[in-house]
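There are 2 protein chains.
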Amino acid sequence: MDEFSFIRSIQPKFYRQSSVIKGISDDAAVIRPVDGDFVTAVDTMVEGVHFTRETMEPEHIGWRVLAANLSDLAAMGSTPRFYMVSITVPRCWSEKELQSVYRGMKQLADKYAVDLIGGDTVAGKELSLTVTVIGSVAKDKARYRSHAQSGDLLFVTGTLGDSRGGLEYLLSGQAACSKAHDYLIRRHRTPEPRITTASSLSSLQRIALNDVSDGIASEANEIAEASQVEVIINHEAVPYSEALSTCYPDHYQAWMFSGGEDFELLGTVPEKDWPTVEKTAESAGVRVTKIGYVQNMRSPSPCVWLDKDGRRERLAASGYTHLKEEGE
Amino acid sequence: MDEFSFIRSIQPKFYRQSSVIKGISDDAAVIRPVDGDFVTAVDTMVEGVHFTRETMEPEHIGWRVLAANLSDLAAMGSTPRFYMVSITVPRCWSEKELQSVYRGMKQLADKYAVDLIGGDTVAGKELSLTVTVIGSVAKDKARYRSHAQSGDLLFVTGTLGDSRGGLEYLLSGQAACSKAHDYLIRRHRTPEPRITTASSLSSLQRIALNDVSDGIASEANEIAEASQVEVIINHEAVPYSEALSTCYPDHYQAWMFSGGEDFELLGTVPEKDWPTVEKTAESAGVRVTKIGYVQNMRSPSPCVWLDKDGRRERLAASGYTHLKEEGE
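Protein sequences, first through last, are from chains R and Y.
Heads up: the first sequence at position 63 corresponds to 63 in the working numbering, and the numbers run straight through without jumps.
Heads up: the second sequence at position 40 corresponds to 40 in the working numbering, and the numbers run straight through without jumps.
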């Protein structure tokens, strides 16, 4: 593969963001700040660890790695602007397949007018994609996981565990034979980061946000620790899709908490702001569900509690409850 | 290895850049723009491709990957501010060795007050480091390789080919037994990006810059193509170290042009600005040498010519002259 012709083939013909002063074509990209702060994150996905060719087409790999990154920006309440892609390519990947990976990223990027402004292409033994994203947010309006306070409502967008359901189905090697399976597979391969919902909540004075990459058990514990609070989750309220509970009746409850990679948003807001959250999500066509609340600010032992069947148990970051871990 | 304890171990205790609003601890970092533009680049280095454990200690690997990135920022005339590191780690690397890799980066970063503000840590089969750097530059003062014009002088910082000399010596497996070898090895393992020199030239209205990552034959061709000019290099003027010519009398002339990874700067300036370049480099303690000039703006066939022994030959990006390629 000729690196230069490959770079030319994936280079954008134009940039949508007027703040791109210099895109791909020099030692680095140049961007002009507008009002507000910049938000930036980087994520790597490696073949055999984060995805396999058995469960993903090249386009899905591209979509998904960018989705994971854009989800981080959404969790900061920021609007994505630019991305850079560093790809490590083993000999067994063809130029056509690589172009499909970039096309997958571009399909998602185009939805939000995000521009590819740089990257690197190197040889290696395993396919690996590192994506750097840069977004913008109004000054002092970045949303931290440390912003939860006593009395806040806990909410989550979408439904949970679907991505894991889709993955398990793909790993089973069966052909998708129902709409439910198609839905779960789509949720796994081409997740939708909740960018519009998050950035549309910019009018709220305070909101804590985390994106669901490792499962809400983990994300809720991160909020609890960062905010020094206790988070209570009402098991009955946690949203799951009918597709998931139908296809995986024995597993969906565990996957709702620890399935991960749904790239939904878990957040907390003051009770008075809940109608705004509901209205904003509705406008974006995104389901949003109240699943608990926050208590005990400045808690000496920040943690997550799960209310289920009239009992309260500690929910570990791994998704297991404290009591279950001790053998109950 | 516990990912969270590792991240804690490499997390900065404080940030030097006052524009860091949120460093490592949330879904993304938040930075506040000051005056001017942002410049950003990303580079990946893979074990077995860009470095080996035989020729590099973990600290050198860290230093070198960050140096390559900071060199890209220098070539844009920008001052580095932040970096993010995504690392893919095979099981055979210990946590202690990884910390050494980060220490190597930190040693270089500390010299220029560059802050580590984010990253990712994932498992994989081969060690791979992807570094994203962000710098700042005065508005419209980024230095492009497309800025060369007829009549400009061509110059280069430092000496060329040393990194290749160091690499060859390390690959030979011999113990370093002379100051010359020590020097070449140091130039290979811990190159100094020309940040101070580049950013100190901000008073100049126009300067074209490229950093020497693939050798000046390649970089000069990039300037020629991007600026649509012809670049003439005077072979006799190209600077090399005594260490290199002494240790590798049969190779140094080729390596000067195509050795690569010296991370020096190749640039062009109007003749009237040459004294400023000389003075600036002197203040930074960096050697700078006039090695040619630019002619034929809007050339229909932009290229690089090498003047040697009274003859003019075309210099290909690979470092070979056109005539030599045809068998001379």
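None of these hints come from the bench; they were simulated from the model.
Heads up, a few of these hints could be off.
Because identical chains cannot be distinguished in the list, a pair is counted as satisfied if it fits within a single copy or across any two copies.
[As the list claims (entries may be wrong)] 30 Å max Cα-Cα, derived BS3-like pairs, lysine-lysine:
#1 K272 x K141
#2 K13 x K96
#3 K125 x K96
#4 K308 x K272
#5 K106 x K125
#6 K106 x K272
#7 K179 x K13
#8 K13 x K141
#9 K290 x K96
#10 K308 x K279
#11 K279 x K13
#12 K272 x K179
#13 K279 x K179
#14 K290 x K13
#15 K141 x K179
Now for the hints, and whether the structure bears them out:
For the identical chains of this complex, K272 and K141 are intra-copy neighbours only, at 19 Å inside a copy versus 48 Å across copies, given an alpha-carbon limit of 30 Å. Proximity of K13 and K96 under a CA criterion of 30 Å is satisfied intra-copy only: 19 Å inside one chain copy versus 45 Å between copies. Proximity of K125 and K96 under a CA criterion of 30 Å is satisfied in both settings, with 18 Å inside one chain copy and 24 Å between copies. Taking the shortest alpha-carbon separations for K308 and K272, only the intra-copy value of 26 Å comes in at or below 30 Å, while the best inter-copy value is 79 Å.
Proximity of K106 to K125 under the C-alpha cut-off of 30 Å is found in both arrangements, the shortest distances being 25 Å within a copy and 28 Å between copies. With identical chains, the CA atoms of K106 and K272 are never at most 30 Å apart, being 39 Å at best within one copy and 46 Å at best between copies. For the identical chains of this complex, K179 and K13 are neighbours neither inside a copy (37 Å) nor across copies (51 Å), given an alpha-carbon limit of 30 Å. Proximity of K13 and K141 under a CA criterion of 30 Å is satisfied inter-copy only: 24 Å between copies versus 33 Å inside one chain copy.
Taking identical chains as interchangeable, the C-alpha atoms of K290 and K96 are never at most 30 Å apart, the minima being 45 Å within one chain and 44 Å between chains. For the homomeric pair K308 and K279, the shortest alpha-carbon distance inside one copy (28 Å) is at most 30 Å, but the shortest distance between copies (74 Å) is not. In this assembly of identical chains, K279 and K13 lie within 30 Å of each other by CA distance neither inside one copy nor across copies; the values are 37 Å within and 41 Å between. Taking CA atoms no more than 30 Å apart as the test, K272 paired with K179 passes in neither setting, with 38 Å inside one copy and 72 Å between copies.
Only within a single protomer do K279 and K179 lie at most 30 Å apart by alpha-carbon distance; the minimum there is 29 Å, versus 71 Å between protomers. Taking CA atoms no more than 30 Å apart as the test, K290 paired with K13 passes in neither setting, with 44 Å inside one copy and 37 Å between copies. When the C-alpha separation of K141 and K179 is checked against a cutoff of 30 Å, the pair qualifies neither within a copy, at 40 Å, nor between copies, at 55 Å.
Figure legend: structure checked against the earlier numbered hints; hints not met, in rising order: 6, 7, 9, 11, 12, 14 and 15.
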